Every structure is written in structure tokens, then in C-alpha cells.
Amino acid sequence: MDWSALTLSLQLGIWTILLLLPIAVIAARVLAYHRFPGRGLVEAALLLPLVLPPTVIGYYLLTAFGGASPVGVLWERAFGTPLVFSFSGLVAASVLINLPFAVQPMQRGFEAIPRDVLDAAACCGMSRWRIFTTIEAPLAWPGIVTGLVLSFAHTLGEFGVVLMVGGSIPGQTRTISIAIYDRVQAFDERAAGLMAATLLCLAVAALGLTYALSRRLDRKHG
Amino acid sequence: MDSGLSVHLRSAAPIPLAADFACASGEVIGLVGPSGSGKSTILRCIAGLRRPSEGKVVAAGQVWLDTASGIDERPQARAAGMVFQNYALFPHMTALANVAAAVPEGDRLARARALLELVHLAGLEDRRPAQLSGGQQQRVAIARALARDPKVLLLDEPFAAVDQVTRRKLQRELVLLRRSVSMPIVLVTHDLEEAAMLSDRMCILHRGQTLQVAPPAELMTRPATPLVARLIDLRNVFDGRIEAHDAAAQTSLLRWRDRLLEAAYAPHFAAGERVSWVIPPGAVVLHRRDRPSRGERENPVSGVVGEFVALGDTANLSMQLDGSEDLIIAFSVPLHVARRNGVDKGEAITVSLLKEGIHCMPAEAN
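As given, the protein sequences belong to chains R and D, one line each in that order. Residues 1 to 222 in my numbering are what the first sequence spells out, letter by letter. Residues 1001 to 1366 in my numbering are what the second sequence spells out, letter by letter.
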């Protein structure tokens, strides 16, 4: 069992959902409440990570984050280290590829709030922030949590993109799914089996939680 | 400064609007019209939830909207208490929290409790909307609307989502509530009877346009146009021509087909002018067969009973004239009167069209 890989995966998952939370909530609210030109394009672009092969996404992210790209140059100038083959690069890639997993359930959560309820809140004199914290968030929270749980579970299991963008540097970018691959290559069936079982349990727990929450969302807004 | 509400709205799309009305403080104005006539849109424009292309809304001396000078206050800045059609209560909050959410400052819970007491919901503070009946939800919505100390109370079909018995009860409560609040109240309803019962004045809407604003009794007897007459379900609308005026007798003579009728004095129409005219069912008096009664000489008209529908204690009749099925006068009499006079389908009867009930309107453009 590669404990450092498991710890790294858990850290990656936590950073990913911490950064995704505000980004995905903002994106989900915009898509749930507003109609604007190009909305369909934005929604389609958000779904791209679901249909593109991970190696393709990984390739483009590697190019986009690399030392020759504006993002890579800016990052290196600011922090002194390259973005690719680093933990930070993994987090950035992970946030991007998890957008569909986070935004979709959150968008569904916000869409389920009746328009009149939000209008009524405005007519009660509540500020936008207060409407968000006291009306929207409590009503949409199953969707928000579902998005975060799915993203977390998906981050633990991501292989292709992580390998392309981060390589397999022990303690820095070698996540548990890469460690499993390594162990299988080295014929260490026991360690591979143990780590695979750990991931399986985490995934089942995440899906169970997600289903429980979405049932709750359906009941609430029936 | 005036503490009432004045509303002027213009919009071409998506829903055409040409609405103008005012509502004094303490007055209830009923916005009435068929579905799609823009009633709810007007309420939303007053509350600031929708923006018309042009308009001015002034409440209690404060300008909430004035497109000419670029003023458009957000709903939060307009002290409008609004009761939504399905109440739009916050489903995750208790009744008390729903009301407290709208109390602007001070001891929110104490004020919310007092308001729930005002709407007879003391003891149910901790229930969530799903645990309350439709009528109770409506009361929470009213308490919440009052919590802001609104300058205007806006009620969007507040009785549409409850059963008949609860509706009557809530309507009575609204009448009582009016006495304890002093702001203008705008009531949107598609129910004419409800509007006539609860409003001081009714505002008839058609395709976003205010056609007439008048007290219910005046509206029901003196609609401004044939369209208004039809919208308020007055069926006896006919075409005619003014023959002459008699100022001394306060009478206008109206030519209706081959008859000459005495009508309520309408000097603003020139002699010879084509007009539409209406008579409310209450001004059609059935002649008794056994002995003459009051007003028999007043515009007597004879015909044949075409339709006889007994609804409860009332007989709704239509009288066919000149042997035509299209030319009918509708009216109603107590069922026992109809029975005593032997009125039934196919029977010949005579009625008087009371002069004061005959109201002339500008002719309908064909």
C-alpha cells in the first residue's frame, strides 16, 4: 500500500473541491437563472471533459500549462516553479476536468428553486447575498454537495489526465490510481488489489451519498 | 404628499401594456381581466420584478419607477408587500421564520409573532409551509407581505389556490384586515364576483390595456364600451340609434330596430348617432299575467322564452324577440315568480326595460 499516493490523492481531492466550490456555484447559478446568447455553447464546452479521452484533455492541458504557454510563463514568473509536473498543475487540471461533475448537479439544484420564491425574497427586502445564503443555498444544498462528492470521487480515480499533466513523481504527482498502475506493472498484486479495493469503497460511498442527496432534492421540490 | 399609488405603464413586448390607474391609501382596487390580460405583469412591474419599456410608478410620494428620468428602484428598495399566486413561501423555513425574514429591523421574531396573530395563526409558528393547509399558507403569505410595513399591498390571485369554503372565509378576513391597514391594496383576480365584492373600484383589463376604472356598481350598470360590457359578462348589448333628447324629462329616445325606447339621458350623443346600448339583467322586469304592475308602460317588449335554466332559487331566462334566435334579452327572476306566472320555455312573455337601466355607449366599430 502506497500511503503517500493515497494521501496525495486525498489532498488533491480536497483542494479540487475547495477551489471548485465557488467556481461551480457561480457557473451553476448563471446557467440556471440566465438566458444569454451562447449559453448552449458554454454548456456544451462544460461537458467536453465527459466525452473527450483523458489523454486528449491531458495533452491540451500539458500544452496550455507548459513552459512555452502564457499560463506556464506567468506561473513560473510568479512562483518560480513550473506548473506542469507539479502538484499545483494537478490541482488546476483537476478543477477544469471536474467542472461538468460539479456544475451539473448544482445547476439542477438551483433550477429547482421556484422563480416566485426568489422574487418573494426580493419583495421581502432581502439583499442578494442574504437571498443566496438563506434561501438559495439551503434549498440547493443537496445539489451542491452532490457536485462536490462526485468531483472528489472522480479526482481520486482520474488517471489519464493526471499522468499527462503530472507524470508520476512520488510524493508530488503520483496519485493512488497511478500507484495502482505502477504496482500492477511490478507484479505487486497484493498492493494493487488493496489500493483498488480502497478506491472502490470510496467510490461506492460517494455514489451512495449522491443518490441519497438527489432523492432528498427530488422530495424537497417534488 | 399623497400616500396613494399611481401607476402608468407602457410596453410593446413581450406582453403589450397600456395601464394607467391610481389607488388611494386604504382603497382596494381590483384588476380584472381574462387570463393573459396582463394582470400579474402589472403587479410585477409595480413590485419591480419586471421592467416595462416606459412607465412611472409612484407610491406614498416615492418614485419607484420613472423611465423618463432613469429611476428604477430594485424590488428591495420598493416597500411593496406582495402575496404571490401560489404564495411562494420559503419551503425550508417555519411560518415564523418566513414572516421574520421580511421584517426589516428591530425584534424580528416578536414582530413576526404579532403578525401571525393578526392573521389568526398563533400556535402554528413552528410549522413549515408543507405542514399548513392552503388557507393557512395564504395567511402566512399575507403576514409576510405586511412585515415590511409596505406602502402598497399587492395580491396576485390570493384566493385561487384554495377551496370554495376557505375562499369565502379568507375573503371575509381580507375585508376585516382592510380596516386595520391603511395602504393602497391592488387585488388581481379573474373572478368578477370576487372583484366586485372586495374592491372599492375595479379596473378592467384587456390585452394589457386598462379599459375602465370605476366602482363595481357603476361598472356593472354603466360600462364605458361594449367590450367592457362583454368582459364583465353583461349579455344584453345591442346596437341602436339616438332619435332625440328630452332634457326636461331627462330622457333620450333610442331607436332599436322597429322599437322606440326611452333611455337614460345621454346628451353627449348627437341625435341620429349610432350607439351601442346595454341593459343589466336587473333592469329587465317581467310583467305579471294576473294584474298590471309598476312600470308596465316603461319600454314594454314582448317575446318568447327561449331558455329557461333554474339555478337554485333563481330562474335564468332568455327572451327571444322578433322570432329571432340571435336577438335575445337575458334576465333572471326568482324561481317562484317564474312558476307563479307560468313562465316556461316557449311561452310568450312581456317585460319592461327600465329606462334608467338603458345605458348608451359609443357604437362598436365593425
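Treat the hints with caution; some may be incorrect.
[Unchecked claim] A partial selection of chain D residues facing chain R, derived with a Cβ cut-off under 8 angstroms:
1) L1049
2) Q1076
3) H1092
These are calculated hints, taken from the structure and not from any lab test. Source: prediction; values computed, not measured. Here a beta-carbon is modelled for each residue, glycine too, at the ideal position from N, C-alpha and C.
>> Take the shortest C-beta to C-beta distance between L1049(D) and chain R; is it under 8 angstroms?
In response: With Cβ-Cβ at 5 angstroms, under 8 angstroms, it holds.
> Is the interface hint for Q1076(D) satisfied, with its Cβ closer than 8 angstroms to some Cβ of chain R?
Replying inline: Result: holds, 5 angstroms to nearest chain R Cβ.
> Does the CB of H1092(D) sit less than 8 angstroms away from some CB of chain R?
Replying inline: For H1092(D), the interface hint holds, since the closest Cβ of chain R sits about 5 angstroms away, which is under 8 angstroms.
The structure fails none of the hints (numbered hints given earlier).
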